[in-house]
Amino acid sequence: MKLFFCLLLSTSVFAQPAVNISIDLAKHKGPMKPIWAWFGYDEPNYTYMKDGTKLLSEISALSPVPVYVRTHSLLCTGDGVAALKWGSTNVYTEDSIGNPIYTWNIIDSIFDTYVKRGMKPLAQIGFMPEALSTHPQPYKHHWKPGDRYEDIITGWAYPPKDYNKWRELVYQWVKHSVERYGQKEVESWYWEVWNEPNGAYWKGTEEEFFKLYDYAADGLKKALPTARIGGINIAGTSSKGALRWTNNFIKHCLYETNFATGKKGSPIEAILFHAKGNPSIKDGVVWMNMSPQLRDIEAGIKTALSYPETKNLPLIVGESDPEGCAACGMATNPSNGYRNGTMYSSYTAATFARKYELMEKYGANLIGAVSWSFEFEDQPWFYGFRDLATNGVDKPVLNVFRMFGMMKGTLVETVSDRRYPLQTVLDSSVRGKSDIGAIASSEKNRAWIMLWNYHDQDIKESSEKVQVTIKNLPSKKFSYKQYAIDDSKCQR
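Under the numbering used here, the sequence shown has 403 at position 403, and the numbering climbs by one with no breaks.
Calculated from the structure, these hints are not laboratory results. Cβ coordinates follow ideal geometry from the N, Cα and C atoms, glycine included. Where hints are given, some of them may not hold.
[Stated by the list, open to error] The calculated DSS-like cross-link candidates involving lysine-lysine, where the alpha carbons are at most 30 angstroms apart (straight line), are:
no.: 1; residue 1: K282; residue 2: K240
no.: 2; residue 1: K144; residue 2: K54
no.: 3; residue 1: K140; residue 2: K54
no.: 4; residue 1: K140; residue 2: K50
no.: 5; residue 1: K29; residue 2: K361
no.: 6; residue 1: K361; residue 2: K33
no.: 7; residue 1: K460; residue 2: K433
no.: 8; residue 1: K221; residue 2: K33
[Said to hold, decoys possible] Ranges of calculated distance between the beta carbons of each label pair, as one might list FRET restraints:
no.: 9; residue 1: E309; residue 2: E461; range: 47 to 53 angstroms
no.: 10; residue 1: E269; residue 2: R180; range: 20 to 26 angstroms
no.: 11; residue 1: K302; residue 2: D147; range: 35 to 41 angstroms
no.: 12; residue 1: E207; residue 2: K116; range: 36 to 42 angstroms
With the hints as constraints, model all of the structure from the sequences given.
And the structure:
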């Protein structure tokens, strides 16, 4: 049995041929993993604030599986007051003679918020507490949009002056987590060390980072041998420098001497890397570019597959976004104006569809792609931050994740005569006609179809008529619901 119906992907009809999309519910392609159910942000103290708790509750509610959350600065020294691209928990200080003092109340507030909502930390072991830093001053930065990005790099970015104290800090943190949340709960988390060590976030050498990782992993495993840890959330994954870093890290974990134990190898139970697009402004118009983001993901997958020991490991895109600075608004970065409207939502749908294609092409065990977007507490409305809500009001992009949250079961075949081939998007993004495609899944007697109409150029164009054919429906009787994200229907 077949079903035909037509949709309009904007507000008016013009005399042009319909785009044809075919869905075959009998042609299964593998499970629809909820790789979208991963989120992250720079400012950990937003977690337990008014709009932060509201948004986390919404994110948890939209997902049929536990959502993983990653955030920076979980070990930074400070009073816990939130600021752009800054956070602190004050977990580690020392007394006058250098004895450690562990204070868990702020970090407990963060993780309690997650666990209470059934969410799981992708717990980042970083950054360096002031008392352990080899270059502690200056420590807290006062960055604001328009300042040099490098201004955020202060004493927290340096190696520890005592690696044994660093290891013990991790041990005590994990031990405390097990005592507070239970072994089974903490076993369901993922742990990682630092962020983008090949970039500005790490002021040590490559060898010093491997040492940092080894000591952190040793402390983790001593507290909970079954804990899962991976690395290394590299920046610019497809670049030559990043590929060198990633390969050297994998080889170190597999074959080289562990700095902490003196034995061969270091634990690696997941591989993490970053992927970013590159929008620009041309004649006052924003042009998106998803090619760099997807090429980064492809490069990360291919690197993991190149080693027999890592080819089946879980892969996590630790940050997967249209560009690189969530806290840079459109006043200082005009190309970021796309974030307030439906460009961000259609881009998200189109890129996640390609992530599923890359998984299928390479047979990769991709389990998550972190959208580095959350909220910015008490900031101007619709300022152009990369966020899911502004002052408690949801943006259109959040509804894409609500749609993904409805989709279950098995991916099925979709064919569109206007969907760009994967290789074309990898090479040159979407520069001709708009990209109109679908991703679909089915489970028993239910099916879900997501359509998108995307173009890199952020301008309003004429509407497109789409004819959808659904093949092999399990019954002659059916009902359907339609949800839309467009200029008139950005909300549920």
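To see whether the hints hold, each was checked on the structure:
1. Proximity of K282 to K240 is assessed by CA-CA distance (about 28 angstroms); at most 30 angstroms being required, the pair is judged to hold.
2. Taking the CA atoms of K144 and K54, the gap is about 25 angstroms. The hint holds against a cut of 30 angstroms.
3. In summary, the hint linking K140 to K54 is supported, as the alpha carbons are separated by about 28 angstroms, within the 30 angstroms threshold.
4. This hinted pair checks out: K140 and K50 have alpha carbons roughly 24 angstroms apart, not beyond 30 angstroms.
5. For the suggested pair K29 and K361, the alpha carbons sit about 11 angstroms apart, so the restraint of at most 30 angstroms is met.
6. Taking the CA atoms of K361 and K33, the gap is about 15 angstroms. The hint holds against a cut of 30 angstroms.
7. The straight-line distance between the Cα atoms of K460 and K433 is roughly 13 angstroms, inside the 30 angstroms bound, and the hint therefore holds.
8. This hinted pair checks out: K221 and K33 have alpha carbons roughly 28 angstroms apart, not beyond 30 angstroms.
9. Roughly 49 angstroms separates the CB atoms of E309 and E461, a value that falls within the hinted 47 to 53 angstroms.
10. Between E269 and R180, the C-beta spacing of about 22 angstroms keeps the proposed range 20 to 26 angstroms intact.
11. Roughly 36 angstroms separates the CB atoms of K302 and D147, a value that falls within the hinted 35 to 41 angstroms.
12. A hinted range of 36 to 42 angstroms for the beta carbons of E207 and K116 is consistent with their spacing of about 40 angstroms.
Of the hints listed earlier, there is not a single one the structure fails to meet.
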